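Please model the entire structure based on the sequences and the hints provided.
Order-wise, the sequence lines are chains A and B.
The first sequence: position 102 = 102 (my numbering), numbered continuously.
To convert, take the position in the second sequence, counting from 1, and add 210; that gives my numbering.
Rather than coming from a laboratory, the hints here were simulated on the basis of the structure.
Note that the structure is a prediction, hence the values are computed from the model and not measured.
Hints may contain errors.
[Stated by the list, open to error] Straight line, CA to CA, 20 Å or less: simulated DMTMM-like cross-link-like pairs of lysine to aspartate or glutamate:
(1) 361/B with 319/B
(2) 151/A with 213/B
(3) 361/B with 3/A
(4) 361/B with 388/B
(5) 361/B with 384/B
2 protein chains.
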Amino acid sequence: MIDYVRAPDAIYERSFAEISRIGALAALADDIRPVATRIIHACGMPDVLDDLRFSADLVARTRAAFDAGADIYCDVETLRHGVMRHLLPNGCALHCRISAPDVASHANEHGMTRASAQVDLWGGRLDGQIMAIGNAPTTLFRLMELIDQGKVGRPAVVIAFPVGFVGAAESKAELAADPRGMAYATLLGKRGGTAMAQAAVNALAGGLAT
Amino acid sequence: MIDYVRAPDAIYERSFAEISRIGALAALADDIRPVATRIIHACGMPDVLDDLRFSADLVARTRAAFDAGADIYCDVETLRHGVMRHLLPNGCALHCRISAPDVASHANEHGMTRASAQVDLWGGRLDGQIMAIGNAPTTLFRLMELIDQGKVGRPAVVIAFPVGFVGAAESKAELAADPRGMAYATLLGKRGGTAMAQAAVNALAGGLAT
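See below:
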């Protein structure tokens with residue numbers, strides 16, 4: 001008989017007990033620590049702490065955005081499916097248009113990814129919203145570019161975890177250097193992904209008691 | 211104006227060109243290399259190569275299972291949503307029952323996770339199928355345990371990427387030490403996740419020309 005931890009409560013407790021022993025967590029602000037904890041829990045990599053960056057106003061501005069009725073705009077469907085709906089405030093919707101026909105035609109017409117074309121089509125609606133990026137560097141690049149051009153609404157918060165070898169590290173470094181008035185959470189470097197992005201959103205939405 | 215790579219084709223080419231320069235990929239069998247490449251692409255971490263393990267018959271047995279009409283059984287919904295349906299053979303279905311009421315009641319009754327309770331309820335249907343695990347160590351533990359007890363069908367292939375601090379490293383080490391007659395792909399250690407699992411499935415289903 002294989003010996004392993006079977007009970008959900010025991011797994012949960014042991015996981016968070018192990019993460020809580022990571023010394024560097026103590027350096028984080030009290031309201032940020034649960035967000036970092038959830039991100040580490042999602043990826044199994046304590047050393048992401050070295051590369052995580054948060055704006056000091058992340059939690060306060062996320063709460064304010066939720067209170068003002070903000071929705072969450074996701075770059076990919078797997079992220080939209082990974083957010084725990086029961087944690088979200090009543091009426092908070094999750095949006096992703098990567099598979100929409102008008103996004104595909106806009107992307108083709110302009111030689112851009114569908115992940116970034118969404119930002120063009122969301123346009124002014126992004127003002128004061130929460131944007132969550134778990135895959136595509138081009139979504140983050142396009143958002144910052146259109147903010148600079150005054151052609152898109154400015155999200156209150158951006159949860160930025162694009163991943164990979166082309167643009168992920170560059171787009172997140174640009175965000176951390178100049179967040180353009182947005183509160184943010186991000187992970188510098190090539191690492192990232194929807195699991196970390198959804199963990200951050202779930203933590204911010206109330207998933208972890210502090 | 212921000213300078214970044216905008217065109218999907220260019221992003222794709224540069225990503226895979228960068229990954230192809232990873233020397234250790236050359237040591238892999240020709241039919242395994244595209245699978246490893248896709249996994250690295252999904253996570254942005256070339257050093258997962260050190261911890262990836264594949265059975266030599268992975269690709270051949272996956273193809274044979276697909277040819278025999280196998281479905282894919284997923285531990286979590288985000289994995290099910292992440293597999294590219296258009297790559298799958300006609301008639302190949304994706305299953306996940308983690309949110310089913312009978313799974314919840316079975317899990318509660320037996321003090322197990324819903325992710326593992328699914329295995330109990332799938333039972334004999336798993337014979338010759340493809341199982342894909344992107345999150346829950348308990349799904350992998352329960353599968354091996356029930357195979358040892360003769361109480362479940364034996365999948366032809368298991369794509370095993372559970373993640374986290376409790377059971378992930380242990381379950382994958384157990385699989386690699388004794389795959390119990392299954393072809394497999396896995397990543398030793400705490401790292402893993404649905405992005406890597408879906409990348410492996412997509413590569414096996416034909417997502418990367420070799």
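Status of each hint after checking the structure:
Distance check on the hinted pair: residue 361/B and residue 319/B sit about 18 Å apart at the alpha-carbon level, within 20 Å; holds. Proposed proximity of residue 151/A and residue 213/B is supported: the alpha carbons are some 17 Å apart, at most 20 Å. The suggested pairing of residue 361/B with residue 3/A holds, with an alpha-carbon distance near 17 Å, which does not exceed 20 Å. Note on residue 361/B and residue 388/B: the hinted pairing holds, with a Cα-Cα distance of about 18 Å set against a maximum of 20 Å.
A C-alpha spacing of about 19 Å is found between residue 361/B and residue 384/B, which places the hinted pair at or below 20 Å, so the restraint holds.
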